[in-house]
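J.: From just these sequences and the hints, can you work out the full model?
Protein chains: 2
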Amino acid sequence: MNRTLLSILKILSKENKIIGSKEIAKKLKMYGVNLSERTVRYHLKILDERGLTKVYGKEGRRITERGRKELETASTVEKVGFIINKIETLSYLSDFDINAMKGRLILNITYIHKNKFRKALKAMENVFTSPYVMSDRILVLEKDSENILVPEDHVCIGTVCSVTLNAILLKHGIPIISRFGGVLEIREGESYRFGALISYDGTSLDPLEIFIRGKMTDVLGTIKNGFGRVLASFREVPIVCLDKVKEIYSIMQKRGFQGIMMFGEPNQPLLDIPVGMDRVGIIVVGGLNPIAAIEENNIQTYTTAISVLYDCRELVVFEEVLEKFK
Amino acid sequence: MNRTLLSILKILSKENKIIGSKEIAKKLKMYGVNLSERTVRYHLKILDERGLTKVYGKEGRRITERGRKELETASTVEKVGFIINKIETLSYLSDFDINAMKGRLILNITYIHKNKFRKALKAMENVFTSPYVMSDRILVLEKDSENILVPEDHVCIGTVCSVTLNAILLKHGIPIISRFGGVLEIREGESYRFGALISYDGTSLDPLEIFIRGKMTDVLGTIKNGFGRVLASFREVPIVCLDKVKEIYSIMQKRGFQGIMMFGEPNQPLLDIPVGMDRVGIIVVGGLNPIAAIEENNIQTYTTAISVLYDCRELVVFEEVLEKFK
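For the record, the sequence lines run as chains P and C.
Going by our numbering, the letters in the first sequence line up with residues 86 to 411, in that order.
Going by our numbering, the letters in the second sequence line up with residues 86 to 411, in that order.
Hints are computed from structural coordinates only; laboratory data are not their basis.
All the given hints hold, so there is nothing to weed out.
Once the Cα atoms are required to be at most 30 Å apart in a straight line, the calculated DSSO-like pairs of lysine-lysine come out as:
(1) C/Lys-300 <-> P/Lys-207
(2) C/Lys-130 <-> C/Lys-102
(3) P/Lys-139 <-> P/Lys-111
(4) P/Lys-300 <-> C/Lys-201
(5) C/Lys-139 <-> C/Lys-112
(6) P/Lys-95 <-> P/Lys-112
(7) P/Lys-139 <-> P/Lys-154
(8) C/Lys-130 <-> C/Lys-114
(9) C/Lys-201 <-> C/Lys-409
(10) C/Lys-114 <-> C/Lys-99
(11) C/Lys-300 <-> P/Lys-204
(12) P/Lys-102 <-> P/Lys-143
(13) C/Lys-111 <-> C/Lys-139
(14) P/Lys-228 <-> P/Lys-207
(15) P/Lys-300 <-> C/Lys-300
(16) C/Lys-300 <-> P/Lys-199
(17) C/Lys-154 <-> P/Lys-309
(18) P/Lys-329 <-> P/Lys-256
(19) P/Lys-154 <-> P/Lys-130
(20) C/Lys-300 <-> P/Lys-154
(21) C/Lys-207 <-> P/Lys-300
(22) C/Lys-114 <-> C/Lys-95
(23) C/Lys-154 <-> C/Lys-139
(24) P/Lys-154 <-> P/Lys-114
(25) C/Lys-95 <-> C/Lys-154
(26) C/Lys-256 <-> C/Lys-99
(27) P/Lys-187 <-> P/Lys-228
(28) P/Lys-114 <-> P/Lys-102
(29) P/Lys-256 <-> P/Lys-112
(30) P/Lys-207 <-> P/Lys-409
(31) P/Lys-300 <-> C/Lys-204
(32) P/Lys-99 <-> P/Lys-111
(33) C/Lys-102 <-> C/Lys-114
(34) P/Lys-300 <-> C/Lys-199
(35) P/Lys-99 <-> P/Lys-143
(36) P/Lys-154 <-> C/Lys-309
(37) P/Lys-201 <-> C/Lys-300
(38) C/Lys-99 <-> C/Lys-139
(39) C/Lys-154 <-> P/Lys-300
T.: Structure follows, in structure tokens:
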């Protein structure tokens with residue numbers, strides 16, 4: 086199924102009522118599909134023939150049950166929107182206000198079998214007192230919440246995604262670009278070099294999920310010995326924004342956030358990675374380092390990075406979680 | 086260690102004799118490092134101080150044992166050259182002649198424990214009679230060969246890498262570009278869509294290795310039922326070359342090669358993936374599909390994709406291997 090058909094189906098699914106081809110043509114423009122009403126009707130006929138939509142006289146069309154199913158399976162195509170789109174969309178949609186500590190920030194979602202949950206907390210304990218974590222807070226759900234379903238016998242952990250930094254900066258008018266997800270080698274407690282890199286605009290799978298799955302991290306070893314490999318990402322901001330970024334970051338730190346490991350020099354490569362013209366590189370910790378630590382303890386996790394917008398007031402300081410589940 | 090120091094060390098390691106700074110400066114240009122002799126001497130002093138090189142009077146310098154070790158650990162930095170560089174380098178270096186069936190083609194290298202080797206052959210059997218393989222030939226090494234070391238108790242399998250197609254086309258003056266490695270969904274035996282994609286010019290890890298490790302393939306299911314997921318890649322050629330590509334591909338087929346699953350239309354997206362201006366998309370099977378089938382049987386493999394140039398005459402028709410190890 087091509088993108089046009091898919092976009093029409095999506096519109097019909099979202100509207101969930103009978104709408105006409107004129108209305109559809111108008112809404113299609115929002116998806117970047119610019120078609121005449123006539124051409125839309127041609128595509129609608131294809132959908133009719135496949136039983137994915139149904140005509141209701143002159144009023145227009147409605148999506149069928151089969152159409153919904155098709156849309157569901159077609160959502161993998163959506164995935165082939167690259168990760169950069171997910172980053173940009175959630176950064177834009179987040180309404181998190183760092184000054185008021187209000188609004189929805191961006192979480193990575195992980196499910197763990199409840200029998201393993203205490204062991205998982207133990208594995209994360211040292212990470213939450215290390216520099217390799219984004220925030221001192223975490224979401225823990227034992228039951229479904231408004232927008233997260235928790236599978237039976239599982240606990241859901243939400244870790245603050247480092248894309249939250251993008252959201253905060255964007256709200257201050259700073260256009261930050263996420264370039265690479267990587268595995269950062271640490272030596273004597275210092276960032277040394279990237280051992281692996283995947284560009285966010287060239288992958289449909291999240292790089293940090295790939296590195297965790299590939300068992301390429303050693304977060305716990307890094308914390309213990311000062312030598313190891315942690316998840317990190319490479320970002321860029323225009324030189325002109327650098328002071329403002331540092332200013333906002335100091336506010337973030339007062340609110341229990343951290344995560345920026347290194348600022349580069351204007352127009353200079355940072356850890357051998359070149360930056361764009363008139364830009365500065367920034368190295369940010371991966372929000373998934375606590376989850377990497379869990380996997381390093383051979384506890385299986387089911388993780389989706391950059392997953393969901395969530396009300397920041399639902400998050401709890403990690404120490405309190407630890408206390409509660411002692 | 087920065088790229089300049091690394092490049093100097095590499096030159097000294099390759100030469101493996103005493104050479105002067107003038108000579109080094111000349112060779113550095115080959116690595117894209119353009120420095121005066123004076124600057125090279127400055128860098129050499131740094132290397133001396135770190136004990137990585139040693140001065141021999143006026144003649145010049147030589148790499149030390151410690152220098153070699155540093156180079157070895159630093160080779161991860163090399164990896165952060167993206168996979169596209171590996172593809173282009175090996176395509177260029179390959180001297181495989183499809184007409185004469187002579188020269189070195191490009192192999193993926195996989196090690197399997199010898200106890201699992203028979204089971205692995207069994208797993209690959211159906212792949213080699215399917216459309217999802219590059220060639221009917223395979224390399225099997227039970228002992229070290231000239232340029233491949235085989236670890237104790239292991240067998241080495243070399244599968245023809247699909248980059249061999251690039252090499253063959255390049256020799257005919259066709260500039261083929263490898264864009265994405267992907268997991269291709271097959272329905273009723275037909276290519277349906279990509280379920281995951283990673284751009285070759287944005288990753289330091291091979292995409293197909295990632296997909297195998299992530300257990301994202303179902304090569305055996307695809308062969309059995311016509312529905313499933315196989316490894317594939319997306320390439321592009323200029324429209325003007327299309328007829329020549331088809332002509333060369335028909336010669337390849339007569340020589341026991343295959344692998345092109347789909348040709349796109351000029352300037353048209355192929356399976357929803359847009360192509361560059363005045364280009365045609367081509368979908369090529371992943372050379373690692375036989376290895377994916379082994380992993381689907383829960384046999385552990387150690388694989389390096391796009392690994393080595395190897396004399397094509399050392400490869401054997403898969404059926405003969407099967408016969409030999411019956």
